[in-house]
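Visitor: Here are the chains, one letter per residue:
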Amino acid sequence: MDNSPFLGFGVGLRRPHYAEVLETIPRMDWFEVTTENFMVAGGRPIEVIEGVRENYPIVMHGVSLSIGSTDPINREYLRELKTMARRFEPAWISDHLSWTGVGGRNLHDLLPLPYTEEAVAHVVRRIREVQDILGRAILIENVSSYMSFACSTLSEWEFLNAVADEADCGILLDINNIFVNAFNHGFDAKRYIDSVPIERVHQFHLAGHQDHGKYLLDTHDHPVCKEVWRLYEYAIRRFGAVSTLIEWDDRIPEFSELQAIVDEARTRSESVIRETARHAGEAIR
Amino acid sequence: MDLKNLQTTIYRLIVAPGGVDEGLASEIGLTPDGLDGILVGEGLLAARERLEIYANAYFYRLIDVFKEEFPATLAILGEENFHNLITGYLLDYPPTEPSILHASRHLPDFIGAHPLSERWRYLGDLALLERTTLEIFHAPDASALDAATMRQVAPHEWPSMVMRAHPASHILEAKWRVDEILHAIETGEPWGEPADAPASIIVWRQNSRVNYRVVDRAERAALEMARDGASFASICEAISAEADGDEDPAALINRLLTRWLSEGLMVRES
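In order, the protein sequences belong to chains Y and Z. Counting from 1, position 252 in the first sequence corresponds to residue 252 in the numbering used here; the numbering is continuous, with no gaps. Add 285 to the 1-based position in the second sequence for the numbering used here, that's all there is to it.
No wet-lab data here; the hints were simulated from the structure. Note that the Cβ used here is the ideal one computed from N, Cα and C, for glycine as well. One thing to keep in mind: the hints can contain errors.
[What the hints assert, rightly or not] Computed, partial: chain Z to chain Y, Cβ under 8 Å: (1) LEU291; (2) THR293; (3) TYR296; (4) ARG346; (5) THR372; (6) GLY373; (7) LEU376; (8) ASP377; (9) PRO380; (10) HIS423; (11) GLY549; (12) ARG553.
[Claimed, not checked] A short, non-exhaustive set of chain Y residues, derived as facing chain Z with CB atoms under 8 Å: (13) GLU36; (14) ALA41; (15) THR70; (16) PRO72; (17) GLY103; (18) LEU111; (19) SER148; (20) GLY186; (21) LYS214.
The following block holds chain Y by itself, in its conformation from the complex (with noise of 0.2 Å):
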């Protein structure tokens, strides 16, 4: 995959925030749109998109593509999202290293694949097939899991780096997903992280979580918390600058609130940056 560009700071376009950011053009540097709640045939969110990408650069990111059932591609789903794309010009386009359903029926949830070669072949497949329909590269999310295959022969991070390898897409690295996995399934956050080729990462999401006591609910309705953000220093210092998005999808606070996030995500990754940078400096002398 090709480098895309940096974009910054971002949040996720949410709909309690659409009047505000269509008439006061708030301070952002980029949103990311829910591919599916704008595949419409027209109404409001066809007005909000279009107003939206006039004053700000967008990326799509899709909840529907199932890229991991065994289900045939679906085709129409596919030809809308081209059609999106064309029209409102994303950045990228991005979905989940997931399956969404099976047999013709949708549970309109991210399940984990299980962590085999087999699987590795069949999304692969997948989205070489969708990456040629398309006619670009896209990137693919690690999703949050509350459940390990008894078949898996691969961790986590080898099935996502194999995949992404083989289909040659990028990846969008959520870095609460992985410290909620890392306390799910008991592995090291760090070792992920280290593990991630740095070429293929062209996104990062932070969000919020719920601590359930035996686990983690990745709920994306509290602030990201603190060792969420240590994790997302850890990444800098490993990938460099790499766009950033909050997501934020449930009881959804004020946008200025939303404003406040982001920066402390820039001003935290400037820092890194600015550290290593100074680091490096002091070895070459």
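Use these hints to put chain Z onto chain Y, whose structure you have.
Guide: Coordinates of chain Z only, in the frame set by chain Y:
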């Protein structure tokens, strides 16, 4: 177990109406070690508990969406009845489309045949009105005909001018005045059982806002004719034919046209 069978089994267990345990009990294709042969229990959570997270998420995600889409139906039924209704609905009509917007499209018909409709006989009509407002919200855009544009049309061109009902409009037939109860619930006013009176209700979008109101027989005939495009002359004939005699047909045509133009209900075809 290959990937397809694995996904099919996981799907069945997630949507099992009685929960994962009941789903497991009815699975005949599982090996003797059951779920442990498919999923790994790790740390504090057993495999079954892990799958239950997905089962709960499936149901509650959908019911939250349905609550947002059918606030009046929810207000009438209450939480428990609504919960049970949706549980049954999802068994008969599990989501099949990539967009969750389509998940509730069969709900009005399902309610119409549901035992709850014996107590609230207008419920199917009300759900249909709520579902129609959702569909009209996302219906195609078109430039609505307005009075200023009409004034620029030469009088001799009016009869042959083809008009079409706005694509973001739809007339539904209800047996009850569910427009009244929906309006009352939306505005927080007291509501009771709606009048048992058949009504044609037009639902349409203007400036991103979805509106609805009852149309009489003459207006309905004209709007139905305009649905596929019709000349202004033939629309006028339809209005005249259905006018009830109390109002001069010319005055009625003038009143309806003025209203349609102000409400953005028509587009010009040619």
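Visitor: The structure should be examined with respect to each hint, and the outcome stated for every one.
Guide: Structure-based check of all given hints:
1. The interface hint given for LEU291 of chain Z is met, as the beta carbon of that residue sits about 7 Å from the closest beta carbon of chain Y, less than 8 Å.
2. Contact between THR293 of chain Z and chain Y, as hinted, is supported at the beta carbon level, the nearest pair being about 6 Å apart and thus within 8 Å.
3. About 5 Å separates the beta-carbon of TYR296 of chain Z from the nearest beta-carbon of chain Y, less than 8 Å, and the hint is met.
4. At its closest, the beta carbon of ARG346 of chain Z sits 6 Å from a beta carbon of chain Y; the interface hint therefore holds under the 8 Å criterion.
5. Taking 8 Å as the C-beta cut-off, the interface hint given for THR372 of chain Z is violated, the closest approach to chain Y being about 15 Å.
6. The restraint placing GLY373 of chain Z at the interface with chain Y is violated, with a minimum CB-CB distance near 17 Å, outside the 8 Å limit.
7. Using the Cβ-Cβ criterion of 8 Å, the hint placing LEU376 of chain Z at the interface with chain Y is not satisfied: the shortest such distance is roughly 12 Å.
8. Because the smallest distance between the Cβ of ASP377 of chain Z and any Cβ of chain Y comes to about 12 Å, over 8 Å, the interface hint for this residue is violated.
9. Taking 8 Å as the C-beta cut-off, the interface hint given for PRO380 of chain Z holds, the closest approach to chain Y being about 4 Å.
10. Below 8 Å, beta-carbon pairs count as interface contacts, and HIS423 of chain Z has one with chain Y at about 4 Å; its hint therefore holds.
11. A cut of 8 Å between beta carbons decides the hint on GLY549 of chain Z: the least distance to chain Y is about 13 Å, and the hint is violated.
12. Annotation: interface hint on ARG553 of chain Z violated; nearest CB of chain Y at approximately 17 Å, more than 8 Å.
13. The beta carbon of GLU36 of chain Y is positioned within 8 Å of a beta carbon in chain Z (closest approach about 5 Å), and the interface hint is therefore held.
14. Hint on ALA41 of chain Y holds. Least Cβ distance to chain Z is approximately 4 Å, under the 8 Å limit.
15. This hint holds: THR70 of chain Y has a C-beta 4 Å from the nearest C-beta of chain Z, less than the 8 Å allowed.
16. Nearest Cβ of chain Z to the Cβ of PRO72 of chain Y: about 12 Å, over the 8 Å cut. The hint is violated.
17. Interface restraint check for GLY103 of chain Y: the shortest CB-CB distance to chain Z comes to about 6 Å, inside 8 Å, so the restraint holds.
18. A least Cβ separation of about 7 Å between LEU111 of chain Y and chain Z falls short of the 8 Å threshold, and the interface hint therefore holds.
19. The restraint placing SER148 of chain Y at the interface with chain Z holds, with a minimum CB-CB distance near 5 Å, inside the 8 Å limit.
20. The interface hint given for GLY186 of chain Y holds, since its Cβ lies 6 Å from the closest Cβ of chain Z, which is under the 8 Å cut-off.
21. Below 8 Å, beta-carbon pairs count as interface contacts, and LYS214 of chain Y has one with chain Z at about 4 Å; its hint therefore holds.
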